[in-house]
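Whenever a hint applies, use it, and build me the whole structure from the sequences.
This is what each chain is made of:
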Amino acid sequence: MDNLIPVLVAVPLLGAALLLCGGRRLDRVGHLLGTFLAFASFGVGLALFFSMLGRSVDQRPIHDHLFTWIPVNGFQAEVGFQLDQLSMTFVLLITGVGSLIHLYSIGYMAHDEKRRRFFGYLNLFLAAMLLLVLADNYLLLYVGWEGVGLASYLLIGFWQHKPSAATAAKKAFLVNRVGDVGLSIAVMLMFTTFGTFAFTPVFADASKATQATQATLTGIGLMLLLAACGKSAQVPLQSWLGDAMEGPTPVSALIHAATMVTAGVYLITRSSAIFNQAPTAQLATVVVGAVTLLFGAIVGCAKDDIKKALAGSTMSQIGYMVLAAGLGPIGYVFAIMHLVTHGFFKAGLFLGAGSVMHGMNDEVDMRKYGGLAKYMKWTTVTFGLGYLAIIGVPPFSGFYTKDKIIEAAFGHGGTEGWILGTCAVIGAAVTAFYMTRVMLMTFFGEKRWADDADGHQPHPHESPKIMVIPMVLLAVGSVAGGFLFNWNDSFVRWLSPVTGVAEGNPPLNPTVIQILTGVVLVLGVAVAWMMYGRRPVPATPPLGSLLTRAARRDLLQDDFNHVVLVSGGSHLTRFLVYLEGKGLDGLVNGIAALVGGTSGRVRKIQNGYVRSYALSMFGGALVLAVTTLLMRAVA
Amino acid sequence: MNPVNYLYLAALLFTIGAVGVLVRRNAIVLFMCVELMLNACNLALVTFSRLHGNLDGQIIAFFTMVVAAAEVVVGLAIIVSVFRTRHSASVDDTNLMKL
Amino acid sequence: MTSTGEAVQFWVLAVIAVGGALGMVLCRKAVHSALCLAATMIALAICYMAQGAVFLGIVQIVVYTGAIMMLFLFVVMLVGVSSADSVKEVLKGQRVAAVVGGIGFGVLLCAGIANANLHAFTGVGAANEAAGGNVQGLASLIFTRYVWAFEVTGALLITAAVGAMVLTHREATEVRQSQRELAEQRVRLGTQVTPLPAPGVYARHNAVDAPGLLPDGTPAEISVNPTLRQRGQMRQLGSDLLRRMGELEQSTAGWLGRKAPKPRSGSELAHVEQRGTEQRGTGQRESEQREVESK
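Taken in order, these protein sequences are the chains called A, B and C.
For the first sequence, the UniProt record's numbering gives the first residue as 1, with consecutive numbering after it.
For the second sequence, the UniProt record's numbering gives the first residue as 1, with consecutive numbering after it.
For the third sequence, the UniProt record's numbering gives the first residue as 1, with consecutive numbering after it.
Simulated from the structure, these hints should not be mistaken for laboratory data.
On a predicted model such as this, the values are computed, not experimentally measured, just so you know.
Keep in mind that the hints are not guaranteed to be accurate.
For lysine-lysine, the following DSBU-like pairs were computed, each having C-alpha atoms within a straight-line distance of at most 30 Å [as the list claims (entries may be wrong)]:
#	chain 1	residue 1	chain 2	residue 2
1	A	Lys604	C	Lys88
2	A	Lys604	A	Lys368
3	C	Lys29	C	Lys88
4	A	Lys368	A	Lys447
5	A	Lys447	A	Lys162
6	A	Lys208	C	Lys92
Some but not every residue of chain C turned toward chain B, in silico, with C-beta under 10 Å [to be verified]:
#	residue
7	Ala17
8	Ser33
9	Ala160
10	Val166
Covered stretches of chain B, going by a simulated chain C footprint (3 or more residues, C-beta under 8 Å) [said to hold, decoys possible]:
#	region
11	5-15
12	21-35
13	53-66
14	70-76
Glycine is no exception: its CB is placed at the ideal position from the N, C-alpha and C atoms.
As structure tokens, then:
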């Protein structure tokens with residue numbers, strides 16, 4: 001039973017290999033095969049889960065050493081898997097939500113001629129993500145990490161005939177590289193410090209850190225944070241996420257809900273032993289999380305593109321998770337808990353958005369929706385349930401998980417706790433605002449439909465069953481998840497053996513915090529209703545305030561990157577080129593010119609006239625004779 | 001008269017020959033100048049033989065003559081074949097070795 | 001110290017030798033240079049004999065002056081007897097540098113000789129007598145102590161001879177044409193079927209270089225040897241000469257009892273003269289062209 005772990009990874013990997021190498025033969029069954037293998041992987045995951053439940057708590061983590069990858073003296077790169085409660089959670093989330101997205105894609109991609117390849121990439125994505133969460137050492141994790149990067153690149157740029165998609169894929173890949181550099185440096189630091197990358201010995205060594213290794217641990221922590229920022233789209237490496245919406249909608253759902261962006265949170269949680277010993281890295285993490293949760297929320301408020309609004313929301317929600325993970329043992333569990341529930345409702349929201357687009361001729365501008373509730377009942381209901389979950393209305397799942405994070409933020413204590421808690425609460429209010437905005441603009445109000453580019457009038461209709469079923473299942477998850485996890489603190493008890501748990505000491509009573517959150521929630525919804533529910537929504541966006549305009553441009557993230565990195569880089573390059581051209585080349589060319597010029601002059605001596613050479617010889621003989629005579633005279 | 005004068009004469013002839021080699025362009029005249037230089041050497045050798053009172057100097061002069069004869073034969077053959085191809089006996093015309 | 005006789009002989013010979021050497025360097029024509037060198041060599045030969053090197057003196061005259069210098073002359077004739085150096089020096093500063101360097105070298109040599117610590121001259125008389133004569137003395141040295149060098153010299157001479165033959169050898173690439181074939185070819189080409197006209201022969205001088213006259217009194221260029229033509233040495237027949245010929249014929253007409261030819265008009269003579277100058281002009285142009293090519 002326990003040696004089923006490699007099968008988890010192997011099944012989707014086999015699917016990817018079959019679908020990508022199989023050729024046209026598999027065109028007709030490719031999607032079914034891919035979906036079946038995803039579900040098979042989920043089945044294996046479930047089997048392992050129940051097997052794990054059957055064991056006592058200290059027997060639950062299992063290891064499976066496969067083989068030694070690079071056996072060098074003093075450098076042993078092992079391929080081995082570790083399945084503990086944390087990995088198990090991720091395995092179920094990835095395979096479960098991933099399978100539902102596979103199922104949805106069968107409907108969504110039904111008319112795409114590259115469907116087989118799409119399912120191959122999806123399977124590859126699952127395999128890489130599973131490898132990432134199952135690895136028992138950082139090097140193998142890095143392999144999965146890069147695999148996820150590759151798969152996201154392939155999927156975001158899946159419609160590479162669109163220049164915007166190709167650019168977005170490149171952007172995602174490049175920004176992720178920055179984070180990858182961080183992870184590779186962290187792994188190298190780990191190896192030089194501890195002599196191994198395997199989790200168990202590294203964490204054992206890290207937890208008994210001395211003063212000397214403290215600084216190294218801080219360095220490793222910061223580098224891991226950089227890596228997490230890259231994958232999880234946290235400030236300052238957040239810019240790829242919005243553009244990643246160029247991919248097909250199921251891809252967005254997969255990236256945002258179950259895989260990819262959760263990898264950063266997983267990395268931080270998995271490395272809790274390191275972060276616990278590096279307060280500076282933890283502080284950086286909470287700052288990143290707090291900034292990102294506000295950043296994403298503000299961006300989400302201004303976007304008219306439904307997918308980009310949801311992307312901003314994802315950024316913000318991941319910000320919550322990173323914030324919670326940065327808080328240490330008081331937050332790890334809630335970070336993962338929020339991650340799981342977020343996986344459900346965000347996947348549901350994205351699939352809902354995809355369903356809306358499916359019915360609206362791939363229109364993404366919410367200002368051209370309106371009044372769709374009448375035409376898409378299932379979508380409206382599932383999307384609405386996801387909406388209630390994300391804004392944290394009790395008793396939907398977001399309420400349980402997000403409130404825990406806000407409590408933990410306050411529980412951090414001191415001024416920091418107040419600041420972080422306030423940020424989290426403001427984030428909750430803004431989340432309520434922009435999600436209500438999305439909801440109202442899409443499903444309620446008047447019809448503002450416009451003909452598409454080809455002049456077709458949109459005929460909004462409910463999506464086929466194969467797309468609706470996953471949405472329903474995910475909606476069930478978003479409704480019940482939080483309640484189930486909090487039942488008798490089941491999730492905390494489940495995960496705490498891995499991450500540890502601690503009670504914060506919030507300056508306010510938890511009930512007060514819940515009331516406060518509820519108030520701002522109502523406030524956010526009310527403002528949104530005032531702006532978008534009561535008044536008709538203009539079909540063309542009003543100019544808006546300076547902040548709105550900035551937020552529409554993703555708070556100038558690309559402009560910032562362009563000014564600071566691109567122009568700065570190009571100026572630096574130009575300066576270096578100038579230096580190279582005038583300095584080094586000048587030196588080299590100068591020497592060459594000197595030699596060339598001298599040779600040109602010396603060359604004239606070789607004029608081909610024998611008599612001239614004879615004269616030289618004669619002169620030489622003369623000089624020799626004079627020298628000899630002088631020497632003799634001196635002697 | 002001191003027989004050293006023979007040496008002065010030899011030096012003078014050698015110098016004239018050397019200057020001739022440098023100044024003249026006709027390959028044949030050039031060769032003649034070389035011959036003159038060789039002859040000057042021979043005179044010096046004969047004088048040295050007289051100075052030392054043995055015949056070795058004369059022997060060397062004799063060998064010089066033989067070598068000069070061989071040199072003239074080959075040199076003139078070269079001049080003739082060059083003249084055949086280039087229709088000129090001027091050494092300045094054979095300056096293809098330059099860049 | 002030498003005898004007065006030898007001193008007189010030395011000074012006479014030295015003057016001849018240096019004069020010959022200078023003449024060789026300064027003469028423009030290779031033939032003159034060769035003759036000057038021959039004079040120098042003979043003077044040197046006598047110097048050898050005066051110093052007791054009788055055998056070398058004889059060899060110098062027989063081999064050097066007799067054989068080698070004749071070889072030189074032979075090649076000079078082969079290559080072109082009049083191919084004189086032009087006075088213009090091509091290489092900038094070569095002449096001045098050569099003369100200055102030469103003077104410096106000469107002064108240096110003389111200074112070296114003057115400063116040399118030479119002991120008294122022994123003279124080779126004793127050595128010659130000890131062997132029973134100069135020839136015997138040389139022979140005994142050559143065939144004993146220097147026999148190895150002697151053998152090597154033999155090899156050198158053989159090599160030189162073979163080398164000379166190889167260098168001057170021309171590969172026959174086609175079958176030599178017989179006289180019959182040449183005649184047929186000449187007829188086939190049709191340019192000049194008859195033998196070439198003879199050059200004009202006048203009693204006044206040896207006139208191989210004077211072209212024969214065609215019936216109309218114009219000079220026939222092909223009657224002159226092509227070598228002379230190429231060198232531009234063809235004698236130009238001026239109008240003066242033609243007029244005097246006409247006068248001669250007229251004056252002898254009565255005496256010979258035949259009708260005197262009509263004296264040519266001035267314009268005709270002028271025409272002939274013009275053609276003559278034209279010819280000269282072409283000849284000069286050709287030679288100039290050759291000079292340019294050679295540069």
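Going through the hints against the structure:
no.	hint	in the structure
1	A:Lys604 to C:Lys88	holds (21 Å)
2	A:Lys604 to A:Lys368	violated (83 Å)
3	C:Lys29 to C:Lys88	holds (15 Å)
4	A:Lys368 to A:Lys447	holds (8 Å)
5	A:Lys447 to A:Lys162	holds (29 Å)
6	A:Lys208 to C:Lys92	violated (90 Å)
7	Ala17	holds (6 Å)
8	Ser33	holds (5 Å)
9	Ala160	holds (4 Å)
10	Val166	holds (8 Å)
11	5-15	holds (count 10)
12	21-35	holds (count 11)
13	53-66	holds (count 11)
14	70-76	holds (count 6)
Checked against the numbered hints given earlier, the structure breaks hints 2 and 6 and satisfies all the rest.
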